[in-house]
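Engineer: Take the given structure of chain A and dock chain B to it, following the hints.
As they're listed, the protein sequences go chains A and B. Position 89 of the first sequence, counted from 1, bears residue number 80 in the working numbering, the numbering being contiguous throughout. Position 89 of the second sequence, counted from 1, bears residue number 80 in the working numbering, the numbering being contiguous throughout.
Some hints could be false.
When chains are identical, the list treats them as one kind, so a pair holds in a single copy or across two.
[As the list claims (entries may be wrong)] Heads up, simulated DSSO-like pairs for lysine-lysine below, C-alpha to C-alpha not over 30 Å straight-line: (1) Lys35 x Lys308; (2) Lys268 x Lys308; (3) Lys15 x Lys35; (4) Lys15 x Lys162; (5) Lys162 x Lys383; (6) Lys448 x Lys383; (7) Lys383 x Lys35.
To be clear, the hints were calculated from the coordinates, so they are not data collected in a lab.
2 protein chains.
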Amino acid sequence: MTSSLEQALQYAHDNQSLFLDQLKDFLRIPSVSTDPAHHPDMEKAARYLVSRLEGLAFTHIQIFPTAGHPVVYGERLAAGSAPTLLVYGHYDVQPAEPLELWQTPAFDPQVRDGLLYARGASDMKGQVMAVLSALETLIHLDQLKVNIKVLFEGEEEIGSPNLDAFMREHKALLACDNALNPDAGMVYPDRPVIVYALRGLAYFELRLHGPSHDLHSGLFGGLVHNPAQVLCELIAGMHDAQGRITLPGFYDRVRPLPAEERAQLARDAMGEAFHLKQAGVSQLWGEQGYSPEERLGARPTLEVNGLLSGFTGHGSKTVLPAEAMAKISMRLVPDQDPAEVEQQLRRYLESHAPASVRWELEEMSSGPASITDLNLPATRALAAALETVWGKAPQLKREGGSIPVVASMQTILGVESVITGFGLSDDNIHAPNEHLNLANWSRGIDALVLFFTALGK
Amino acid sequence: MTSSLEQALQYAHDNQSLFLDQLKDFLRIPSVSTDPAHHPDMEKAARYLVSRLEGLAFTHIQIFPTAGHPVVYGERLAAGSAPTLLVYGHYDVQPAEPLELWQTPAFDPQVRDGLLYARGASDMKGQVMAVLSALETLIHLDQLKVNIKVLFEGEEEIGSPNLDAFMREHKALLACDNALNPDAGMVYPDRPVIVYALRGLAYFELRLHGPSHDLHSGLFGGLVHNPAQVLCELIAGMHDAQGRITLPGFYDRVRPLPAEERAQLARDAMGEAFHLKQAGVSQLWGEQGYSPEERLGARPTLEVNGLLSGFTGHGSKTVLPAEAMAKISMRLVPDQDPAEVEQQLRRYLESHAPASVRWELEEMSSGPASITDLNLPATRALAAALETVWGKAPQLKREGGSIPVVASMQTILGVESVITGFGLSDDNIHAPNEHLNLANWSRGIDALVLFFTALGK
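If we strip away everything but chain A, and leave its shape as in the complex, we get (with noise of 0.2 Å):
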C-alpha cells in the first residue's frame, strides 16, 4: 500500500466521530417519502445533501424537482480525463410505524454495542454517507483522481415513480463510465459482497368474474362455477410437479447458467441451514434440477403474492362469491422481457379460464432483470478493495430481489453498475429498530477510499 493510501485511511480513522456526527445530522431528518406530513423533511434532506457536496466543492450542485419528491445533483469533474463515476443513493426512508416497538426513538440516532439506531442507518443513509466520508477524505488530502457524479433520489422507497423520467431529460448531464450502486447488502457479516446480477419483476392483479353478485352456497352451490374455485384451479396449473412455471414459451429467453458460474455459485453457498432459518421453514422447496442459490439469482419464479375472495371474517357465512382476486407475480432473469411475460400469462389464462367466468388482468408493476459482467474494470477494483480492507475476496451474489435503477441505468443510459453496500442481514432495514454495524460501516468507508483510488490510476 502507498504511504498517500495509508495517509488516506488514517485520515479517515481520525476523523470516524466527525463522519458519525455527520450521519446523525443526516438520520434526525424524518425523510418518509411515503408520507405527505414528512413532505417538508424531504426538502430538508435534500438541502442537507446539498450543504455537503458545497462542503465537498462539488459543482453544479441543483436540486431538481420531479413530480415527485427532488432529485440532488451534483459533480466533481476536477480529474480530467480519468473516468467518471456516478454514485446512486437515495435520501428517502422507510416509515418508522410501529413506534413502540423501537427502543429509541427512529430518528433520535444513538449508539449502543457498537451499533448505530435509528431510521435509515443501514437503508441507506449511512450507505450514502459512507460514500461522502471517503470522497471527504480524498479530497481533503487532494488524492481524488477520478470524476464523481451524484444522483440522490428521494423516493426509491415508493417504487422511484418519477427517476426514469429524470434519467430520460438529463441523459447527457448523467453521462459517465459506470455507476456505483452502494443501496446492496452483505450476507455473512465477516465478508464483502458484490452483486453482480438482479432479478427483474412483472407484477399482476388478477381477477375472476363469477355470478354477478355473491350467492348463497346452498341455493346456488352446484348450479354455478365458484369463481375462487377457478383461480384455485388456475393458480395450481401455473406450476408443474417439477416447479417448474407453466406458461407458454416463459422459459424460452432465460439465460442458461454457464458450468463456470454455477461452479462459483456453489464455491459461494451460504448452505441450506442458512436458508431455513432466514425463512423460518423447515424444509426448502422450488425448481428441481437446482440449487438453493440457483434458483434465488439465476432462475425465473412465480409467486401468489395475495388472494382475496368472498367471506374472510370471523366464523361461517355460506356465501359463493362473486368474484375472485389474486396478486400474482413472477421474478425474471435475463434475457425475459416483462412486456413478453404479460402476454404468455394472457395465453395461459386464454386456454385455461373456463368460459364459465371472466378474467381481467393488470399489470401493476414490471422491470427488467439485470446482469453486469464480473470482469468490468470497476467490478474488478471494487472487488479488489473490498478484498484488501475485509481480507477476503467479496462473495459474488445473484440478488433475487429488484433494483429496478439498475436495469434502467442500463436501459436509459447505457451505463452499467457495481453494486454493494455495508449493511448486514440483521439491520432490520424496514422494521423497528434498524440499525448499522459502526466497524463495519468504517470498512466501508476504507473500501471505498481504496476504491476511488483505484478508478484514478
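Structural biologist: Here is chain B on its own, set in the frame of chain A:
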C-alpha cells in the same frame, strides 16, 4: 267443500285487514337478533307473541330464557285424541342495514301495490302470523280439531345456537306427531311449494402456515414453498374434471336418486333460463350426469366460501405470505354424516398437503341433511290444502340450502317436519325493501285453514 270450511274461509277474508294490522304491529318491533342494541326489542317481540297466544286461549304459555334470546312456547290441546302438530317459527329478523336503500323505513310497515314492505315481512314474521291468523279463524269458529303446540325461537338469523339444547331439555313438552315449518319459500309466483329434502352443511376454515413470517418475494422466491400456492393446489385437487368431489369416500353414503324421483324433479324443473337469470351467469356448471335440480337438491357440493392470503390492497407488494386461509364448506345430502365428512377432508389433506407447509382445519358449523317421506299423512294433507287454494299441485322441492331445525327435530325429537312457506323468490329477504305479497299471504292463510282442518279429521 263443507259449509263449515266455506264459513272459515269467509271469516278469514272478512278479517284480512285485522290480520294485516296484527302483522304490522309485529313488524314494528325491530327484533334484530344479532345486534345487542336491539336486545330489548327481542323481549318485546317475544311478549307480543305471548299476547297473541293468550288471545287464542293457548295454555302453558311461557317465555323460556336461553343462553341467548328466549324461546316462546304455548299449546292448545283441546282436541283430545286428535293428532298434535308442533308449529315452528322464528321472531327474529336480519339487520335492516343499509338503511339508506329502503324506500320507506324498515320497521314502519307500509303497503304499496299489494306488497307489504318491512324487515321480516316475508322472513318470517308474515309466515308466523299466517299460522296465527288461520288458528284464530278456526278457534273463533270453534272448528280447531287438531292439537297445536308452537315453538318460536329468537335466534334463527344467527344460526340457532341455543335451540338444540332447548329441544333436548324439553323433549316431553315438545312431543308431537309432526311439525309444521313455514320457513321455506315458493319458486314460482303462482305455484305453492312443499320442501321435502334439505341439504346439510359441513363448514371449515383451513389455514396453511409456511414461513414463520411474511418474506420478500424477491429475496426468497424460489427457496420457499408459498402457502398461497399450496392452498390453491389443494383446493384445485378437491374436484375432478367431471366436477365430482375427490375427498376419499365422499360419495359412499350418498343415497342414490330413485328413477321415479328423478322423473318428478324433471317434471318440476325450473329450466336453465330460470337458473341463469337467478345466478347472473352466462352458463351453469356442476357435477356431470345430473340435472340442475338434482345437483342442487340431491347431490353434495363443495364450495370455496372465502380466500385470504398476503397482500390484498391496492397496488403491489412483493410479499411471499407466511399464511393462507380458505373457508371451505360442503353441502351434504342423505345419508352423509358431517363428522365423517370432516374425517374425509382431513384424510385428503393428510395425503395431499406437502411437508413444506403446516395445516390446521377448524370446523365452523355443521348439520346433517334431512329428507321427509312424501307419503306422510301430514304432507299429503298439506299438499291437498295447497292444491285446493292455488288450483295447482304444489311443487315438490328438494332445497339446496339448510334449515337446521328440521334435522334437529328429526334427531332430537324424532319428529318429521312438513315444510312450506308463502314468500316469493323476489321478496328481497335479507336485503333492503323486503316485502310480502299480500294476495299470496292471504292464500297461505286459507291453505293453513284447510290444512289444520284436514289434520283434525
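Engineer: If a hint holds in the structure, say so; if it doesn't, say that too.
Structural biologist: These are the hints, each one checked on the structure:
Taking identical chains as interchangeable, the C-alpha atoms of Lys35 and Lys308 lie at most 30 Å apart only when they sit on different chains, with a minimum of 28 Å there against 51 Å within one chain. Proximity of Lys268 and Lys308 under a CA criterion of 30 Å is satisfied inter-copy only: 23 Å between copies versus 38 Å inside one chain copy. For a Cα distance limit of 30 Å, the shortest separation of Lys15 from Lys35 inside one copy, 14 Å, qualifies, whereas the shortest one across copies, 68 Å, does not. Proximity of Lys15 and Lys162 under a CA criterion of 30 Å is satisfied in neither setting, with 33 Å inside one chain copy and 77 Å between copies.
Within a single copy, Lys162 and Lys383 get their C-alpha atoms no closer than 37 Å, and across copies no closer than 83 Å, so neither meets the 30 Å cut-off. Proximity of Lys448 and Lys383 under a CA criterion of 30 Å is satisfied intra-copy only: 23 Å inside one chain copy versus 102 Å between copies. For the identical chains of this complex, Lys383 and Lys35 are neighbours neither inside a copy (39 Å) nor across copies (82 Å), given an alpha-carbon limit of 30 Å.
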